[in-house]
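Chemist: Here is what each chain is made of, one letter per residue.
Number of protein chains: 2
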Amino acid sequence: MTELLNNREYKKEQLKKLLLRIHGGEDVNKLKEEFRQVLSGISPLEIPIIEQELVKEGISARDIAKMCDLHVELFREAVKGTDELEERDLPDGHPLKTLYLENKEIMKDAEMLNLYARTLATTKDKRMRGEILGVLEELVNDLKKVGFTHYNREEMLIFPYIERRGLTAIATVLWTKHDEIRFMIKRLAELLRKKDEMSWEEFLERFKEKAGEAAFALSDMVFRENNIFYPTLKALLSKGEWKAIRQQEDEIGYYKVNPPAWDPGEDVKPLHPWEINPELSVEELLSLPKEVQQALKGQPLEFDKSELKREGDIDLGTGYISVEELKAIFEALPVDVTFIDKDDRVRFFSPGERIFSRTKSVLGRPVQLCHPPKSVQIVNKILKAFKEGRKSEATFWLRIGEKYIYIKYVPLFDKEGTYLGTLEITMDIAPYKQIEDEKRLLDWRD
Amino acid sequence: MTELLNNREYKKEQLKKLLLRIHGGEDVNKLKEEFRQVLSGISPLEIPIIEQELVKEGISARDIAKMCDLHVELFREAVKGTDELEERDLPDGHPLKTLYLENKEIMKDAEMLNLYARTLATTKDKRMRGEILGVLEELVNDLKKVGFTHYNREEMLIFPYIERRGLTAIATVLWTKHDEIRFMIKRLAELLRKKDEMSWEEFLERFKEKAGEAAFALSDMVFRENNIFYPTLKALLSKGEWKAIRQQEDEIGYYKVNPPAWDPGEDVKPLHPWEINPELSVEELLSLPKEVQQALKGQPLEFDKSELKREGDIDLGTGYISVEELKAIFEALPVDVTFIDKDDRVRFFSPGERIFSRTKSVLGRPVQLCHPPKSVQIVNKILKAFKEGRKSEATFWLRIGEKYIYIKYVPLFDKEGTYLGTLEITMDIAPYKQIEDEKRLLDWRD
Numbered sequence: 001m002t003e004l005l006n007n008r009e010y011k012k013e014q015l016k017k018l019l020l021r022i023h024g025g026e027d028v029n030k031l032k033e034e035f036r037q038v039l040s041g042i043s044p045l046e047i048p049i050i051e052q053e054l055v056k057e058g059i060s061a062r063d064i065a066k067m068c069d070l071h072v073e074l075f076r077e078a079v080k081g082t083d084e085l086e087e088r089d090l091p092d093g094h095p096l097k098t099l100y101l102e103n104k105e106i107m108k109d110a111e112m113l114n115l116y117a118r119t120l121a122t123t124k125d126k127r128m129r130g131e132i133l134g135v136l137e138e139l140v141n142d143l144k145k146v147g148f149t150h151y152n153r154e155e156m157l158i159f160p161y162i163e164r165r166g167l168t169a170i171a172t173v174l175w176t177k178h179d180e181i182r183f184m185i186k187r188l189a190e191l192l193r194k195k196d197e198m199s200w201e202e203f204l205e206r207f208k209e210k211a212g213e214a215a216f217a218l219s220d221m222v223f224r225e226n227n228i229f230y231p232t233l234k235a236l237l238s239k240g241e242w243k244a245i246r247q248q249e250d251e252i253g254y255y256k257v258n259p260p261a262w263d264p265g266e267d268v269k270p271l272h273p274w275e276i277n278p279e280l281s282v283e284e285l286l287s288l289p290k291e292v293q294q295a296l297k298g299q300p301l302e303f304d305k306s307e308l309k310r311e312g313d314i315d316l317g318t319g320y321i322s323v324e325e326l327k328a329i330f331e332a333l334p335v336d337v338t339f340i341d342k343d344d345r346v347r348f349f350s351p352g353e354r355i356f357s358r359t360k361s362v363l364g365r366p367v368q369l370c371h372p373p374k375s376v377q378i379v380n381k382i383l384k385a386f387k388e389g390r391k392s393e394a395t396f397w398l399r400i401g402e403k404y405i406y407i408k409y410v411p412l413f414d415k416e417g418t419y420l421g422t423l424e425i426t427m428d429i430a431p432y433k434q435i436e437d438e439k440r441l442l443d444w445r446d
Numbered sequence: 001m002t003e004l005l006n007n008r009e010y011k012k013e014q015l016k017k018l019l020l021r022i023h024g025g026e027d028v029n030k031l032k033e034e035f036r037q038v039l040s041g042i043s044p045l046e047i048p049i050i051e052q053e054l055v056k057e058g059i060s061a062r063d064i065a066k067m068c069d070l071h072v073e074l075f076r077e078a079v080k081g082t083d084e085l086e087e088r089d090l091p092d093g094h095p096l097k098t099l100y101l102e103n104k105e106i107m108k109d110a111e112m113l114n115l116y117a118r119t120l121a122t123t124k125d126k127r128m129r130g131e132i133l134g135v136l137e138e139l140v141n142d143l144k145k146v147g148f149t150h151y152n153r154e155e156m157l158i159f160p161y162i163e164r165r166g167l168t169a170i171a172t173v174l175w176t177k178h179d180e181i182r183f184m185i186k187r188l189a190e191l192l193r194k195k196d197e198m199s200w201e202e203f204l205e206r207f208k209e210k211a212g213e214a215a216f217a218l219s220d221m222v223f224r225e226n227n228i229f230y231p232t233l234k235a236l237l238s239k240g241e242w243k244a245i246r247q248q249e250d251e252i253g254y255y256k257v258n259p260p261a262w263d264p265g266e267d268v269k270p271l272h273p274w275e276i277n278p279e280l281s282v283e284e285l286l287s288l289p290k291e292v293q294q295a296l297k298g299q300p301l302e303f304d305k306s307e308l309k310r311e312g313d314i315d316l317g318t319g320y321i322s323v324e325e326l327k328a329i330f331e332a333l334p335v336d337v338t339f340i341d342k343d344d345r346v347r348f349f350s351p352g353e354r355i356f357s358r359t360k361s362v363l364g365r366p367v368q369l370c371h372p373p374k375s376v377q378i379v380n381k382i383l384k385a386f387k388e389g390r391k392s393e394a395t396f397w398l399r400i401g402e403k404y405i406y407i408k409y410v411p412l413f414d415k416e417g418t419y420l421g422t423l424e425i426t427m428d429i430a431p432y433k434q435i436e437d438e439k440r441l442l443d444w445r446d
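Same order as they appear, the protein sequences are chains A and C.
Mind the numbering: the first sequence is residues 1 to 446 in UniProt numbering, read in order.
Mind the numbering: the second sequence is residues 1 to 446 in UniProt numbering, read in order.
All the given hints hold, so there is nothing to weed out.
Taking lysine-lysine pairs in the PhoX-like style, the calculated list, with each CA pair at most 20 Å apart, reads:
#, chain 1, residue 1, chain 2, residue 2
1, C, Lys144, A, Lys403
2, C, Lys374, A, Lys439
3, C, Lys403, A, Lys439
4, C, Lys374, A, Lys186
5, C, Lys408, A, Lys433
6, C, Lys391, A, Lys439
7, C, Lys342, A, Lys309
8, C, Lys433, A, Lys433
9, A, Lys30, A, Lys11
10, A, Lys439, C, Lys381
11, A, Lys403, C, Lys145
12, C, Lys403, A, Lys186
13, A, Lys374, C, Lys439
To be clear, the hints were calculated from the coordinates, so they are not data collected in a lab.
Computed from a predicted structure; not experimentally measured.
Based on the provided sequences and hints, a complete structural model is requested.
Modeler: Structure, rendered in structure tokens:
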């Protein structure tokens, strides 16, 4: 084992040296040969783990991503065709198969983007140029969706599983790259939109360059995922985990594929990230591919064993929360709520400073008795319309001093459509009417 | 008992007849004598119960209120001075004493209003008129607060207790009258504001008339409360009920009085309306004043015995609610929330259609891993500022298509000031930016 460890240590040292030399500005082509030699001794599954270690040693995820550009390119030859094989093994609708199939679409579109951009540059005919630009606009518009669908599913549904297992660096490196690609495509769309603001030559030069970069980054990511990320997932994730992923995928959506339903079996319990045992058992270890076994042996992985559900927590379906947290949430809401139950009785109101004050004495009181007698008839009409399903909201607004009060009543129903009660929501919308322009997270100053 | 019942039945019939005749347009002064005779046989505590019965028989609360104007006026002579006696019996800070003391202030201000309005009419000197108008403006401004404080406390804190006991008609009649008074004072304020839009003579005539009406209505209500409502309360409410009322009074506020703390004893449990036994026991019945005993004997009161707390309900401090209702409330909120706990882990997000979609896989995930790596540093800075108490919110806004997204982060703390976590609130403010003018409850159309 010491030998293996030393071997990995050696490889890591070599990779680190290369990385520093790339950073130092050395010619990448010159380094390619040395890099190929080092890589030949590393399995695809070992790379993310070494990256992980390098991140721990203080090298930024951004720098690692730069190194990856090079090693993935070199890697291409060695593992070419693997994706085809992997994909064929998987049943239709399996989330991993869907990812592979989407990558084929992405690869195709990336190649198209590059091809059309080059063709545009050599086309003299104005009508033809117009047509090509039309295709490019459509293509760029399509590619924007890669970020919302394919990447977003990975970031939101799949990364949590590898993060729990301590492999957070893989997630961070990929997400950094995803964001770079999102930005590149956004920039391309902007360039297309503003093409009339510059000369044709300027546009052409800039577009060809940026399209080439985006196409390369997209296909590079396909390669990275197919050959490093997906095999890692295949080796680590259980049926229950894939089942949970499949159950949530449709909410986010797909890139140009329509996966059928897939269920590994009714007896398989869907496993959410907080439900898995992130530590690999001996049996699991032995069933892993050799490369992963080797890599894991010398790896002091920081498993995430935190428990989500605490004693006394309320299971709200979308989270586990304590009564104390719940109270604080209702108090912090920028809206006041009051809930009357199916029998028209006040059952709950949000605590804290309110626009219309409420005291505990109102609990259990029929809503009809909580209003000036003059307006009871209308209250009853609204409730009748809600209960009979004729109305799904009633809204009102009025000025009181500096405040512009917006009041909304909504009927609540359970899953079977049974009336549960009505919620009164009150808020001051005056501050929102003042808001102009944008203020984004990255603009925040301490 | 049959005799007593018949006696009440007889009195009720007489009152009903009188009411119908007043309604029919008969001269009130003529009816006064007959009315006096009928009233002489009815105790102050019996009146609300008869009113109650009349309401049950289909006579509107509004009509009853009209009849009350007459009977209260007649009543004045018979029960004059009672309030002074009642008030002296009560300890300082007792909610009932506070009500009596406020009524002294209200009576004084109502008399002042009438006096100054009359003086204004006879004043020729312009400077003097200005001074009197100044006093009147201040007075009307003060009197506006009667509705927010004295009446509001009665409507919100005290009515629920008598409603539970089945005496809803008293509450409805008083509230109708309160609202009439609120409207009168509002109209007076408006008249003062718009005095330059009409001739002095016109203003004077209108103001004198309206001020007289308001002053009468205010003092009439004082009389009604002191002689009918408060004695009823004194006879029915227990120490625990007054304790619960006292605990909530400060939230609403007072009219020109500052009651000291009052506690009937540490051993006395505060009783909220839903916690009382609304049915009177034999012992309680026997300890009531004779008049109430008589009145209750023949009274088929509809006690409100509904239970507020159901099996499995969560006690949120300001209500008892089921998990199912809670889920439906979060789904219906016009804001999306995501809660990260004190360890920066996502613990809960509101379900349903959201601006930024969330899947269950995010639960338990450290918030730092839920953001594009580029923005992690800022997320950490914000959380640090929250945990150290340097910031109490961070807000952002951006346009996405038709939506104008407003994002707010707020740190949550428990009662001891310990950090519980941070809440992310997201909402689309575009619809609120479109809202103009007012739309009030009474404008609602089915």
